[in-house]
Amino acid sequence: MLTELFIKNFAIIDDLHIRFEDGLTVLTGETGAGKSIIVQAFNLILGNRATAKMIRSGAETAELEALFHLKPESERVQRVARAGYDTAEGLLIKRVISQNDRHRTYINDRLATVQVLSAITENLANISGQFASQGLLKEEQQLEALDRFGGVADLRTETAARYQEILPLIDQLTRLEEKQQRQAEHMELLRFQKTEIAGASPVPGEDAELEQEKQRLKNAEFLYQAVYEGIESLYGAPGAAIERLIEVQKGLEQACRIDGSLKERVQGIADAVFRLEDTVAGLREYLKGIQMDEGRLETVESRLDVLNKLKRKYGPDIEAVLSRLNAIETELAGIEDLPERIHKTKDRLSALHAALTGAAGALSEKRTQASRRLSRAMEAELASLKMEKTRFDVAFSRFPAGRETSPFLMMDGAGIQETGIDRITFMIAPNVGEALKPLSQIASGGELSRVVLALKALLAQTDSLETLVFDEVDAGIGGGVAETVGKKLHALSRFHQVICITHLPQIAVYGDHHFRIEKTVSKGRTRTVLAPLDETARVREIARMLGGEKITPTTLDHAREMLEKRSLTIPGKKY
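Mapping of the sequence shown onto our numbering: residues 1 to 575, in sequence order.
Because the hints were derived from the structure by calculation, they are not lab data. Careful: at least some of the hints might be erroneous.
[Claimed, not checked] Keeping only pairs whose Cα atoms sit at most 25 Å apart, straight-line, the calculated PhoX-like set for lysine-lysine is:
no., residue 1, residue 2
1, Lys366, Lys138
2, Lys523, Lys53
3, Lys214, Lys138
4, Lys565, Lys519
5, Lys386, Lys179
6, Lys519, Lys8
7, Lys386, Lys565
[As the list claims (entries may be wrong)] Have a look at the derived ranges for each label pair, beta carbon to beta carbon:
no., residue 1, residue 2, range
8, Gln164, Ala88, 26 to 36 Å
9, Phe192, Arg341, 17 to 27 Å
10, Thr157, Leu465, 12 to 22 Å
11, Gly358, Asp101, 45 to 55 Å
Note that beta-carbon positions come from the ideal geometry of N, C-alpha and C, so glycine has one too.
With the hints as constraints, model all of the structure from the sequences given.
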């Protein structure tokens, strides 16, 4: 429950302090007095975006502060506690709006972010305006209202939990399948490379040997001629080198008989003769091996081409190519087996999908049953608000499933969301003979106000909100309808703290507490002031609302009569 609200240097408000109590509080005053500014300030307390334009002219900052007292046993206290705040002495929210747009937010005197503030104040209070600003015009809010009315919170929580549980597994399956696809392509490449290298059967040093053989084959004729002529010069031709060395050897051997010291030199010549004879024998063997074979040359060049391609792709030499082959074989042997993981993930997803569809199906069935009860109850509530013969219905549709929707997030061809499979729209026909239309398309502000009020009245005992603020709930109504709305607001205040801004005396008289908002001029500056009304002042304010600024004895009598009638309607309340 909101107990105190402080507003300083905000719009035309310089310094305002309001104390609130439970029950129905009404705020009245002339148009433009600043009632909407108070609502705007309250919206900022609940987490709305702030701008420097809201600061009162001439001030550097604006300050908004609200004190809430929460029921100790409420779930809201637990949520605030989980955020790290103790509410034993209340929940104090403060926002400081600066000209430099460096705004600050405090919760229980601790600096906080607007995101934290919004999370804490969610469902703390609700502000209903005249048209589309009302949350109940949004389909998702209508669905929440239906679920609260139907008492299906447990099923909705279970569905959401199953949905959140299945999402990461769907992502995991997608990643595994993508990995399998990429791995399949990679393995195909590895197998191709292995076949290419292993099929060529390269041998270390083979390329160098083949290169030499290619040179010999390409120059075979020259080599043959050079070696043949060398053999002839050394051994075969008349006057060959060996023949001349033998003659020299013989002559020196005769000289050795005279001088034995020449023997060593003669032996050197003999050795040279033997070496030349060995060389000639080797050259003859080499000559026999020289091939002039074009076919062999083509074979060698073709093999070299294969080896050079492997070296260009896998390494600078044959050793590097063979090293790459070993690495490929190791990688192929070590690649993980994904099919088993994918199979297990799909099995788990199938089980979770069954649980999700079971919860979503049960939730949908309960909603259908609740929608029929809600329709009958809404028609009865609207009739009590002078909208007799109004038809109300809940239209159901399903979330569409697109091409990208996972089969594990589908049920009977429809998509499954965190809230289940249902999309709903509140449908209404205010006039006899008219077709049902979505609530958001209602043209009459008075009808819209009463529909929202009727729905809130039905949800009063199940709604977790503690404070309801109605801004211009009286739009488009008057007379007997306004009196009925006043009674309904007071009945609603038995379950919630209700704050109502109104222009109608028929509504204002039902307030348990009454404040008048006035705009005054002081020292050349416009300011808004708010004052609680005692019994006498309240009579005058009701009279003003009835007859304008000129209050007559007749309007005063009428005001007293209205307040007395209200006292008779609500025992224990006298004015």
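Here is what the structure says about each hint:
With a C-alpha separation of about 21 Å, the suggested pair Lys366 and Lys138 falls inside the 25 Å cut-off, and the hint holds. This hinted pair checks out: Lys523 and Lys53 have alpha carbons roughly 23 Å apart, not beyond 25 Å. Restraint check for Lys214 and Lys138: the C-alpha separation of about 86 Å exceeds 25 Å, so the hint is violated. A hinted pair counts as satisfied when its Cα atoms are at most 25 Å apart, and Lys565 with Lys519 does not qualify at roughly 31 Å.
A distance of roughly 65 Å separates the Cα atoms of Lys386 and Lys179; the hinted pair therefore is violated under the 25 Å criterion. Our distance criterion of 25 Å between C-alpha atoms is met by Lys519 and Lys8, whose separation comes to about 15 Å. A hinted pair counts as satisfied when its Cα atoms are at most 25 Å apart, and Lys386 with Lys565 qualifies at roughly 20 Å. Checking the proposed 26 to 36 Å range against Gln164 and Ala88 shows it holds: the Cβ atoms sit about 32 Å from each other.
At roughly 26 Å, the beta carbons of Phe192 and Arg341 sit within the given window of 17 to 27 Å. Between Thr157 and Leu465 the Cβ separation comes to about 19 Å, which falls inside the hinted range of 12 to 22 Å. Taking 45 to 55 Å as the suggested C-beta distance range, the pair Gly358 and Asp101 conforms, at roughly 50 Å.
Consistency with the previously given hints fails for numbers 3, 4, 5, ordered from lowest to highest.
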